[in-house]
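Enquirer: So the chains spell out like this:
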Amino acid sequence: GAVVSQHPSRVICKSGTSVKIECRSLDFQATTMFWYRQFPKQSLMLMATSNEGSKATYEQGVEKDKFLINHASLTLSTLTVTSAHPEDSSFYICSARAFLGTDTQYFGPGTRLTVL
Amino acid sequence: QKEVEQNSGPLSVPEGAIASLNCTYSDRGSQSFFWYRQYSGKSPELIMSIYSNGDKEDGRFTAQLNKASQYVSLLIRDSQPSDSATYLCAVIGSGNTGKLIFGQGTTLQVKP
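Quick mapping for you: the protein sequence lines, in order, are chains S and V.
Under our numbering, read the first sequence as residues 45 to 160, first letter to last.
Under our numbering, read the second sequence as residues 48 to 159, first letter to last.
Hint data in this document are derived by calculation from the structure and do not stem from the laboratory.
Check each hint, because a few of them may be wrong.
If we take Cβ atoms under 8 Å as the criterion, some of the chain S residues that face chain V in the derived model are [as the list claims (entries may be wrong)]:
id	residue
1	VAL47
2	SER49
3	PHE72
4	SER87
5	LEU88
6	THR93
7	LYS108
8	SER133
9	ILE137
10	ASP147
11	GLN149
12	TYR150
13	GLY152
14	PRO153
Calculated pairs, DSS-like style, for lysine-lysine (alpha carbon to alpha carbon, straight line, at most 30 Å) [stated by the list, open to error]:
id	chain 1	residue 1	chain 2	residue 2
15	S	LYS108	V	LYS49
16	V	LYS146	S	LYS64
17	V	LYS146	V	LYS114
18	V	LYS89	V	LYS158
19	V	LYS146	S	LYS85
20	S	LYS110	V	LYS49
21	S	LYS99	V	LYS146
22	V	LYS89	S	LYS110
23	S	LYS99	V	LYS89
24	V	LYS103	S	LYS110
25	S	LYS110	S	LYS85
26	S	LYS85	S	LYS108
27	S	LYS64	S	LYS110
28	V	LYS146	S	LYS108
29	S	LYS108	V	LYS158
30	S	LYS58	V	LYS89
31	V	LYS103	V	LYS49
32	V	LYS49	V	LYS89
33	V	LYS89	S	LYS85
34	V	LYS146	V	LYS158
35	V	LYS89	V	LYS146
36	S	LYS99	S	LYS110
37	S	LYS58	S	LYS110
38	S	LYS85	S	LYS64
39	V	LYS49	S	LYS85
40	S	LYS99	S	LYS58
Virtual Cβ for every residue (Gly too), placed ideally from N, Cα, C.
Chain V extracted, bound-state conformation (with noise of 0.2 Å):
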């Protein structure tokens, strides 16, 4: 079992919907949660961080956490066609080297 896990996609929707990315994870004792985006030959850039339960708003974006399940999504609200990229779940485990263990990224598309 990885990790780290999301569904490589890709995630097609038409701009204005809403993308809904998930990502579970495998280390129960993990603290830090982080999704980054990932644009073609560029380099990762944060869009949100998340260490407790529940949900966390940022514009158009919400990322919601639930360790009971092991479980931390992005939703992205009012999609636009430069919101297509590859979307990475990162998460520090329990070890506390403050490594990010990476998912493998979703692929979004956001269709005009």
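Just chain S, same shape as in the assembly (with noise of 0.2 Å):
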């Protein structure tokens, strides 16, 4: 099956600070990724759809400027919180959607921020 990677799977930091969360797509090419927030005992959120080579696009409410998301490849996209504070501590999780007409989302195993 299709196999996504996250890194680092947990992270803590000082309030100020940026944080940066690589999604991988090991053994497929994937055009479109996105990203979700999860807080505890509440449902997936998603925060933005990243595509390969283009800006990505966020949901309403979802600040650009502080969650800045590059898609540089076909295998790899990053998430950078910037300037985290603790109400940004949460369960960050990327999805890959595999290169060849299939719309399938397949989930990193997320990363678990928590910001002091």
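Starting from the two chains in their separate frames, assemble the complex, guided by the hints.
Expert: Have a look at this one:
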């Protein structure tokens, strides 16, 4: 099956710092990757859609200057949380859609961010 | 009305029983339907996709789709305690954005 990795799996940082999360499709090329956030006991919330070589499309209410997304290749997308604050502490999950004509999304294992 | 609706549960079944999870959706033009399983503290894991009316079986799992009734279900046969998780129904709507629209998830508890 399709494998998506995320790095790091867990990160603790101080308030005001920036954190970069990588999402890689390991055995397929992904034209589109998606970034989600999930707070405890809540549903997944889509933050943005990332297409290779173009600007990300952000969902309503998601600050594009705070959550910087780059999709530089068909196997790598990055999410940078800039000037993180405690309220940004959450579980960040990426998913990737395969290159060839499928709409199935495969999820990465997630990154748990704690901002002190 | 929510776009994708699931009963949040918990749904409790004894080990070895059939668990039946249901989902309804509002966008009649939806074409792609998915079931994901999410263990506590983990990311969603794809169980099955279904695109055509009828049943689709994969091991102990059977997905059922009825587009006329806008209804998707997942049956888990011979339920095991390891099946205890939250099951997410997801739909890609007719807008061709590729975005998954999730239900709130149904928590399944399989009791030994």
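Enquirer: Run every hint past the structure and note whether it holds.
Expert: Status of the hints after comparison with the structure:
{"no.": "1", "hint": "VAL47", "in the structure": "violated (12 Å)"}
{"no.": "2", "hint": "SER49", "in the structure": "violated (11 Å)"}
{"no.": "3", "hint": "PHE72", "in the structure": "violated (13 Å)"}
{"no.": "4", "hint": "SER87", "in the structure": "holds (5 Å)"}
{"no.": "5", "hint": "LEU88", "in the structure": "holds (6 Å)"}
{"no.": "6", "hint": "THR93", "in the structure": "holds (7 Å)"}
{"no.": "7", "hint": "LYS108", "in the structure": "violated (17 Å)"}
{"no.": "8", "hint": "SER133", "in the structure": "violated (14 Å)"}
{"no.": "9", "hint": "ILE137", "in the structure": "holds (5 Å)"}
{"no.": "10", "hint": "ASP147", "in the structure": "holds (5 Å)"}
{"no.": "11", "hint": "GLN149", "in the structure": "holds (6 Å)"}
{"no.": "12", "hint": "TYR150", "in the structure": "holds (6 Å)"}
{"no.": "13", "hint": "GLY152", "in the structure": "holds (6 Å)"}
{"no.": "14", "hint": "PRO153", "in the structure": "holds (5 Å)"}
{"no.": "15", "hint": "S:LYS108 - V:LYS49", "in the structure": "holds (26 Å)"}
{"no.": "16", "hint": "V:LYS146 - S:LYS64", "in the structure": "holds (23 Å)"}
{"no.": "17", "hint": "V:LYS146 - V:LYS114", "in the structure": "holds (19 Å)"}
{"no.": "18", "hint": "V:LYS89 - V:LYS158", "in the structure": "holds (21 Å)"}
{"no.": "19", "hint": "V:LYS146 - S:LYS85", "in the structure": "holds (22 Å)"}
{"no.": "20", "hint": "S:LYS110 - V:LYS49", "in the structure": "holds (29 Å)"}
{"no.": "21", "hint": "S:LYS99 - V:LYS146", "in the structure": "holds (16 Å)"}
{"no.": "22", "hint": "V:LYS89 - S:LYS110", "in the structure": "holds (25 Å)"}
{"no.": "23", "hint": "S:LYS99 - V:LYS89", "in the structure": "holds (28 Å)"}
{"no.": "24", "hint": "V:LYS103 - S:LYS110", "in the structure": "violated (42 Å)"}
{"no.": "25", "hint": "S:LYS110 - S:LYS85", "in the structure": "holds (24 Å)"}
{"no.": "26", "hint": "S:LYS85 - S:LYS108", "in the structure": "holds (25 Å)"}
{"no.": "27", "hint": "S:LYS64 - S:LYS110", "in the structure": "holds (12 Å)"}
{"no.": "28", "hint": "V:LYS146 - S:LYS108", "in the structure": "holds (18 Å)"}
{"no.": "29", "hint": "S:LYS108 - V:LYS158", "in the structure": "violated (45 Å)"}
{"no.": "30", "hint": "S:LYS58 - V:LYS89", "in the structure": "holds (24 Å)"}
{"no.": "31", "hint": "V:LYS103 - V:LYS49", "in the structure": "holds (26 Å)"}
{"no.": "32", "hint": "V:LYS49 - V:LYS89", "in the structure": "holds (25 Å)"}
{"no.": "33", "hint": "V:LYS89 - S:LYS85", "in the structure": "holds (12 Å)"}
{"no.": "34", "hint": "V:LYS146 - V:LYS158", "in the structure": "violated (35 Å)"}
{"no.": "35", "hint": "V:LYS89 - V:LYS146", "in the structure": "holds (21 Å)"}
{"no.": "36", "hint": "S:LYS99 - S:LYS110", "in the structure": "holds (15 Å)"}
{"no.": "37", "hint": "S:LYS58 - S:LYS110", "in the structure": "holds (16 Å)"}
{"no.": "38", "hint": "S:LYS85 - S:LYS64", "in the structure": "holds (24 Å)"}
{"no.": "39", "hint": "V:LYS49 - S:LYS85", "in the structure": "holds (18 Å)"}
{"no.": "40", "hint": "S:LYS99 - S:LYS58", "in the structure": "holds (28 Å)"}
The structure fails hints 1, 2, 3, 7, 8, 24, 29 and 34 (numbered hints given earlier, in ascending order).
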